[in-house]
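Visitor: From the two separate chains plus the hints, produce the assembled complex.
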Amino acid sequence: MTIEREAGQPPVWQNDTPEGQAPVMEGQDWSAWPVYDSATLGLRDYWYPVDWAERFTRKPRPVKILGEDIVLVREGEEIYALHDRCPHRGVPLSHGRRQFPDTVSCAYHGWTFELKTGNLCAVLTDGPDSPICGKLKVRTYPVAQRLGLVWVYIGAGPVPPVERDIPDELLDHDFAMGGRADVRNGNWRFAAENGFDEGHAKYLHNTALWRLFKVMPAWNKTRLQQEGPWLVRVQEELHWEADYPGLGVWTNKRWWKRMPLPDRPGKGKRVNRIIDSLNIPGFVSIRLPGLLRVAYPQFIHYEWYVPVDEDHVRYVQIMVRFEKGLTAAAFKAKYLAGIRWLFHGQFTGQDAWMVDVTDAPPERLYRPDLSITGWRRMVERAKPVVQILPSRAKAE
Amino acid sequence: MKLRTPAVVAALAVAAVGLPQVRRSLARLLILTTGTVVRDQRRIR
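Order-wise, the sequence lines are chains A and B.
For the first sequence, the positions run 1 to 396 when this note's numbering is used.
For the second sequence, the positions run 1001 to 1045 when this note's numbering is used.
In short, the hints are calculated from the structure, not lab data.
Backbone N, C-alpha and C define an ideal beta-carbon position, used for all residues, glycine too.
Treat each hint with caution, since some may be false.
Between beta-carbon pairs, the in silico distance windows are [what the hints assert, rightly or not]:
1) A/Asp168 / B/Asp1040: 15 to 25 Å
2) A/Glu77 / B/Leu1019: 19 to 29 Å
3) A/Asp174 / B/Val1017: 19 to 29 Å
4) A/Trp353 / B/Arg1042: 30 to 40 Å
5) B/Ala1007 / A/Gln145: 37 to 47 Å
6) B/Val1017 / A/Ser277: 27 to 37 Å
7) B/Ala1016 / A/Asp168: 36 to 46 Å
8) B/Ala1016 / A/Gln145: 23 to 33 Å
9) A/Ala242 / B/Leu1019: 49 to 59 Å
Covered by chain B, according to a simulated footprint, are these stretches of chain A (three or more residues, beta-carbon under 8 Å) [what the hints assert, rightly or not]:
10) 51 to 58
11) 140 to 149
12) 180 to 188
Pulled from the structure, derived: some chain B residues nowhere near chain A, Cβ distances all over 12 Å [what the hints assert, rightly or not]:
13) Thr1005
14) Ala1007
15) Ala1011
16) Ile1031
17) Gly1035
Next comes chain B alone, as it looks inside the complex (with noise of 0.2 Å):
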């Protein structure tokens, strides 16, 4: 039990890391701490 606890606490980080609400949060606070941005972008024309 004791060695499943920090592989269910990474998995599940890795889980909340994929969704997208999260992602923009993380994303959010690397800008606003850093002034570093890292981002995909859909073509625009």
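Extracted from the complex, chain A is given alone in its bound form (with noise of 0.2 Å):
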């Protein structure tokens, strides 16, 4: 990227230039929010979302999450996690054998490690009186299960309860959800950024099937603001069509789609109850770690970004109806009829194409962009602990 100047004109901004790749200008970088700009593994002291508890078995499963190894093993009614790494020889414990309750044991030579404490207690190639037992352990992890979904806590020091990292009104109603859980290419904070992204909804997804008979806005005027620990973004002016001198009309506007979308849950006529309880001043929000809701007046959805490595992201997503009997016999029906093909299928599968091939910084970022800046003004207030690399950390 390059920049052409004139006397007395504005810079040009260009790429591929012949010249080739210019230094990367004041404002193209990240320099700006160094802690957002270091937290490429994401950022500790969080409970994260892993997966749906129904998929983890008595079978030692290998899940990474902010760039650690960790395997889940399941007992009984409890899941347990440990560092996915034999201190023996390094060989996975992902491998390993499950041949006592309560323990699992490498692959290897059979070093047999509790689940509950990750103490080494028994050697299996080196007999019951083997004296390296009860001196080595593997590192384990906080684990709880709500939602249906098993929760990793990654930090250190007294660890907080899990309710603490999900949204007070998943907690305090009764609910019926669908939801889906998969692992996606791309960093986490381009998955978050693009969440939160006022800008390409109404580009992007105008051509998804879920958006077929509705209307999305041309372009809008929006505001930030905070709300407890939500920053949400506020409507302040939607915009269905626009004239582009020269170019024509841009609208989404057609005879058969309905409008509007109403741009925040309370200004839709049937608002669910507890919906509209919560008072949310717009329709979608962001909070650390990584977690968006978009409000819809009878349902909302959640998704997390769970940072995997550099390049991969779990992403777990949901869809929430405050209802209970009948009602919610049919939403969860309608979900694995539709919503999950539509919505969180072809949907969200453009966001994550998107996430796939964002290559940024250098960038150069425009007025709507103020959603992406705002969070990460966010993270970086928060002041996080920041996940260091594997490889920085042994230099360090």
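Guide: Structure (structure tokens):
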């Protein structure tokens, strides 16, 4: 990217000039957000949803979160998490076997660790009096099960209750939910920025089948508002069409599409009582360590961006309806028949596509990107503990 | 008799889905094969 300057003229930004890439200029990199810039692997001292509890069995299963290799094992109703590395020769414990209850044995030499404590309690190839027993342990991680998901705490010091990192409305009410969890390409920050990005939905998603019968705005003006742990995008102006001189009219209006889409849940005609009581001032909100909430009049969509490694993010999305009985049953049927494929499939698949191909910095932001810079500032202000790359941690 | 057989099979299937154990098994199958969950959540606190 280069900048061409002429006397009295603002700079003109270009990509791929014959001279090749110019140095990154001020404002094009992430130096204004140094903590965020260094948080390639995410933020420590938070609980992260990993996957559906039903997906964990007695068979050890490897999972990577914030660059840490973890093995999860079920024993009855409990699920345990240990560092996925036998201290003997570095073989992943996820290759191991379950020889005794409440233990996992390394596949290589039968080093056997207690699931609860990580203590080395037996070495099967060295006899019952093996002198190394009791002298070693593997790191364990706090685990909780909520909302049908397994949550793992990555951090040090006192462990907060998992409820701290779950939205209040999901703790205080009955509801029906549908959801999907998978690992996608791209860094978690691109996923979070995409989720809270003001500009993209009305353009990228206007081809999504989920929006086939709903008009999307052409453009709008937004401000940000902090509400407790949430940073909320509030629409100040909504424009459904615009005339671009020399180009023509741009609009998403079509005869078969209904409008308007309420820009905040409280403005809808039929608003769920619980969603209404939340008094959310805007349609989309985000909070640390990377949880997005999109509130519609009748349901709320949540998505967690769980860092896996530098280039992958675990994407956990749920849709919640605060209903019981027949309405809840109808929602679950609708989720399986349509929402799973349309919203939690093709629609968020478009996001996955963009997150995968995003390549920044350098970047040249525009007016709607105040949502992205607002999120970065929020992370910066929180002074979080950044997960260090394992290679850097070793060097230090 | 021929007409009744599908109806009986359908009724048995509906009754089976009504059993909590069958529902749980179906839900588990759904999760394991598609990564998708549908469930009711009781208030946590």
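Visitor: Next step is simple, just say for each hint if it's right about the structure.
Guide: Hints, verified against the model:
1. For A/Asp168 paired with B/Asp1040, a C-beta distance near 19 Å keeps the hint of 15 to 25 Å intact.
2. Take A/Glu77 and B/Leu1019: their Cβ atoms lie about 21 Å apart, and the range 19 to 29 Å holds.
3. Judged by the Cβ atoms, the range 19 to 29 Å given for A/Asp174 and B/Val1017 holds: they are separated by roughly 22 Å.
4. The hinted window of 30 to 40 Å between A/Trp353 and B/Arg1042 holds, with their beta carbons roughly 37 Å apart.
5. Separation of B/Ala1007 from A/Gln145 is about 41 Å and conforms to the stated range, judged on CB atoms against 37 to 47 Å.
6. Take B/Val1017 and A/Ser277: their Cβ atoms lie about 34 Å apart, and the range 27 to 37 Å holds.
7. In this structure the hint that B/Ala1016 and A/Asp168 lie 36 to 46 Å apart at CB holds, the actual value being about 38 Å.
8. Restraint check, B/Ala1016 to A/Gln145: a C-beta distance of roughly 27 Å satisfies the suggested window 23 to 33 Å.
9. The hint said 49 to 59 Å for the Cβ distance between A/Ala242 and B/Leu1019, and at roughly 57 Å that hint holds.
10. Given as covered by chain B, the region 51 to 58 of chain A passes the check, having 3 residues with a CB less than 8 Å from a CB of that chain where 3 are the minimum.
11. Interface restraint, the region 140 to 149 of chain A with chain B: holds (3 residues with C-beta to C-beta distance below 8 Å; minimum three).
12. With 3 residues carrying a beta carbon less than 8 Å from a beta carbon of chain B, the region 180 to 188 of chain A meets the three-residue requirement, and the given coverage holds.
13. Residue-level check passed: B/Thr1005 sits 26 Å from the nearest beta carbon of chain A, beyond 12 Å.
14. Consistency note on B/Ala1007: stated as away from chain A, and its beta-carbon is indeed over 12 Å from all of that chain's, at 22 Å minimum.
15. No Cβ of chain A comes within 12 Å of the Cβ of B/Ala1011; the nearest lies about 19 Å off, and the non-interface call holds.
16. A cut-off of 12 Å between C-beta atoms contradicts the statement that B/Ile1031 is not in contact with chain A; the least separation is 4 Å.
17. In this structure B/Gly1035 is not separated from chain A by more than 12 Å, as the shortest Cβ-Cβ distance comes to only about 6 Å.
Checked against the numbered hints given earlier, this structure breaks hints 16, 17; the rest are met.
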